[in-house]
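Okay, here's what each chain looks like letter by letter:
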Amino acid sequence: EADIYQTPRYLVIGTGKKITLECSQTMGHDKMYWYQQDPGMELHLIHYSYGVNSTEKGDLSSESTVSRIRTEHFPLTLESARPSHTSQYLCASSERRSGTINEQFFGPGTRLTVL
Amino acid sequence: GQQVMQIPQYQHVQEGEDFTTYCNSSTTLSNIQWYKQRPGGHPVFLIQLVKSGEVKKQKRLTFQFGEAKKNSSLHITATQTTDVGTYFCAGPYFSGSARQLTFGSGTQLTVLP
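Chains A and B supply the protein sequences, listed in that same order.
Anchor point for the first sequence: position 108 equals 108 in my numbering, and the numbering is continuous, going up by one each time.
Every number in my numbering is 115 more than the matching position in the second sequence, counting from 1.
Any given hint could be a false lead.
To be verified - Result set (BS3-like, lysine-lysine): computed pairs, CA atoms no more than 30 Å apart in a straight line:
(1) B:K166 / B:K185
(2) A:K57 / A:K18
(3) B:K151 / A:K57
(4) B:K171 / A:K31
(5) B:K151 / A:K31
(6) B:K171 / A:K57
(7) B:K185 / A:K17
(8) B:K185 / B:K174
(9) B:K185 / A:K31
(10) B:K174 / A:K18
Stated by the list, open to error - With beta-carbon atoms standing in for the labels, derived distance ranges:
(11) A:Y5 / B:Q124: 25 to 35 Å
(12) A:R70 / B:S167: 38 to 48 Å
(13) A:Y50 / B:I162: 18 to 28 Å
(14) A:R96 / B:Q118: 15 to 25 Å
(15) B:Q124 / A:D30: 33 to 43 Å
(16) B:S145 / A:L60: 19 to 29 Å
(17) B:A183 / A:T20: 20 to 30 Å
(18) B:T225 / A:K57: 17 to 27 Å
(19) B:S167 / A:G16: 25 to 35 Å
(20) A:P39 / B:M120: 33 to 43 Å
(21) A:S84 / B:H190: 36 to 46 Å
(22) B:P154 / A:G14: 40 to 50 Å
(23) A:S80 / B:I162: 37 to 47 Å
I should point out that these hints are in silico values taken from the structure, not numbers from a laboratory.
No residue lacks a Cβ here, since even glycine has one placed at the ideal position from N, Cα and C.
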């Protein structure tokens with residue numbers, strides 16, 4: 001069954017550590033996204049990609065970086081985690097069809113806590 | 116600034132009562148999407164509206180897109196405890212050179228048994 005996966009689901013880490021949040025999808029989608037969401041709040045787009053070797057920053061400024069070396073894989077990296085990075089990070093993907101915005105499929109999310 | 120406004124932010128209803136959430140855009144939208152996020156879960160796509168004045172139904176859920184394509188609503192008839200969650204509308208807006216989906220602030224629905 002086609003799906004979108006995120007690991008780890010929960011991460012508690014100390015300040016200054018480097019972390020990578022993994023996201024993979026098996027749907028063959030060209031478009032992938034990273035959102036940041038505080039509990040009960042709206043989703044903020046922090047990164048997106050339209051295909052391999054294509055990455056862009058979203059509306060919300062983020063100190064994280066992303067890469068897209070393979071279509072199915074879109075990892076997010078924080079070089080030096082800080083308590084202000086504590087949040088839920090949601091990965092999503094969608095088909096790429098010209099002239100329209102398609103529905104997005106979300107992964108289960110990673111809840112990050114930086115102490 | 117906020118491009119998609121959603122009201123109310125919170126709604127508590129007794130099971131069996133109706134519920135409505137409203138979404139207003141500062142600009143005309145080509146389409147609008149609705150998502151549901153259960154507590155502790157991730158957003159799940161519900162529906163997309165494209166045409167002016169469009170009305171779509173999914174069992175007890177009724178979605179409307181305004182004539183001017185600047186507002187939308189989601190109405191749930193006779194709520195059940197399974198309806199609990201946060202409902203988000205989302206519309207396409209330009210972010211830099213590309214159109215991206217911008218989510219509203221969401222309406223958090225609590226259904227009291």
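A quick look at each hint next to the structure:
1. B:K166 / B:K185: At roughly 11 Å apart (the allowed maximum being 30 Å), K185 (chain B) and K166 (chain B) satisfy the hint.
2. A:K57 / A:K18: 20 Å, holds
3. B:K151 / A:K57: 25 Å, holds
4. B:K171 / A:K31: 27 Å, holds
5. B:K151 / A:K31: Holds, at about 21 Å.
6. B:K171 / A:K57: Roughly 34 Å separates the two Cα atoms, so the pair is violated.
7. B:K185 / A:K17: 44 Å, violated
8. B:K185 / B:K174: 25 Å, holds
9. B:K185 / A:K31: 26 Å, holds
10. B:K174 / A:K18: Violated. K174 (chain B) to K18 (chain A) sits at ~47 Å, over the 30 Å cutoff.
11. A:Y5 / B:Q124: 25 to 35 Å: 31 Å, holds
12. A:R70 / B:S167: 38 to 48 Å: With Cβ atoms ~40 Å apart, the hint holds.
13. A:Y50 / B:I162: 18 to 28 Å: Holds: the Cβ-Cβ distance is about 24 Å, inside 18 to 28 Å.
14. A:R96 / B:Q118: 15 to 25 Å: 23 Å, holds
15. B:Q124 / A:D30: 33 to 43 Å: 34 Å, holds
16. B:S145 / A:L60: 19 to 29 Å: 23 Å, holds
17. B:A183 / A:T20: 20 to 30 Å: The hinted range 20 to 30 Å is violated for A183 (chain B) and T20 (chain A), with Cβ atoms some 45 Å apart.
18. B:T225 / A:K57: 17 to 27 Å: The hinted range 17 to 27 Å is violated for T225 (chain B) and K57 (chain A), with Cβ atoms some 35 Å apart.
19. B:S167 / A:G16: 25 to 35 Å: 53 Å, violated
20. A:P39 / B:M120: 33 to 43 Å: 20 Å, violated
21. A:S84 / B:H190: 36 to 46 Å: 38 Å, holds
22. B:P154 / A:G14: 40 to 50 Å: 28 Å, violated
23. A:S80 / B:I162: 37 to 47 Å: 41 Å, holds
In this structure, the earlier hints numbered 6, 7, 10, 17, 18, 19, 20 and 22 are contradicted, and the remaining ones agree with it.
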